[in-house]
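Peer 1: Sequence:
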Amino acid sequence: MDVVGQLRSSGPIHFDHRLRVCNAYPYSSAINVYRGADLLTEAMPYKTCQDLKSALVAGDKLDFKIGSASAGVFSVSDLPNNDAVLLLIIHRHDGLSSAAAFESHVFANLLNSQVAVFDTYSGSALSTPEIVDERGGKSRSETLRFNSVVAVNKGMYEVKLKDHTGVTKAVSELVALNHESYVVIRTGVEAHSGQSYPEDLIVFPQSSTAQLSGAQEVMSSAAWLVLFLALFAH
Numbered sequence: 073m074d075v076v077g078q079l080r081s082s083g084p085i086h087f088d089h090r091l092r093v094c095n096a097y098p099y100s101s102a103i104n105v106y107r108g109a110d111l112l113t114e115a116m117p118y119k120t121c122q123d124l125k126s127a128l129v130a131g132d133k134l135d136f137k138i139g140s141a142s143a144g145v146f147s148v149s150d151l152p153n154n155d156a157v158l159l160l161i162i163h164r165h166d167g168l169s170s171a172a173a174f175e176s177h178v179f180a181n182l183l184n185s186q187v188a189v190f191d192t193y194s195g196s197a198l199s200t201p202e203i204v205d206e207r208g209g210k211s212r213s214e215t216l217r218f219n220s221v222v223a224v225n226k227g228m229y230e231v232k233l234k235d236h237t238g239v240t241k242a243v244s245e246l247v248a249l250n251h252e253s254y255v256v257i258r259t260g261v262e263a264h265s266g267q268s269y270p271e272d273l274i275v276f277p278q279s280s281t282a283q284l285s286g287a288q289e290v291m292s293s294a295a296w297l298v299l300f301l302a303l304f305a306h
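In my numbering, the protein residues as written are 73 to 306.
Watch out, some of these pointers could steer you wrong.
What the hints assert, rightly or not - Pairs of lysine to any residue residues, derived as SDA-like cross-links and limited to a Cα-Cα distance of at most 20 Å, are as follows:
1. 119 x 167
2. 133 x 109
3. 125 x 279
Source of the hints: derived by calculation from the structure; they are not laboratory data.
Make the full structure from the sequences, and use the hints.
Peer 2: Right, dumping it as structure tokens:
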């Protein structure tokens, strides 16, 4: 079940590139990521992510393995000409087979925290994520569009996955810190054969509330959704 993906950007590699890998591939066994014979990750169960500091160069091939079997190979073509977080997600291509697919994104360097939103679910459910601020006696929410990036002010939020009737299917806390890049992923698969996995959320990283500097910043989120940065194509 091999697939090949590519991460494209521009410029030489003389910068701090942090590779963030997320496993949105619904399966009972964990995934390991190799570059050649080198193991880059600890075992990654479904719905987990890891940050890697290992230096990448153009031409690297990242092999995602379940046991000794390759689930997919991702080819690094070029790298950005600046410090950056490089996001790579493996997921099921569809519910008909075990074939894998990749999503990738290069985060911009911003003062605000930024959240990239992906949909890797395969099935008939139509749920969408919302980011919610319920402090100060008021509840404010904003729909998070799939295939978009949104900048948010520093603070505490909840991300809720709601179906078309408004029922919450999953919820996760988001502690947003300045200069940090976050990913929200809808996961799951409605398999035509084999095991199905219900809709769920990955929110990563899970920053600590202790890193919020003061109660006012924890409680205050005026103009909390700043702007949608970009739609990115796959």
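Peer 1: Decide, hint by hint, whether the structure agrees.
Peer 2: Structure-based check of all given hints:
no. : hint      : result
1   : 119 x 167 : holds (17 Å)
2   : 133 x 109 : holds (11 Å)
3   : 125 x 279 : holds (18 Å)
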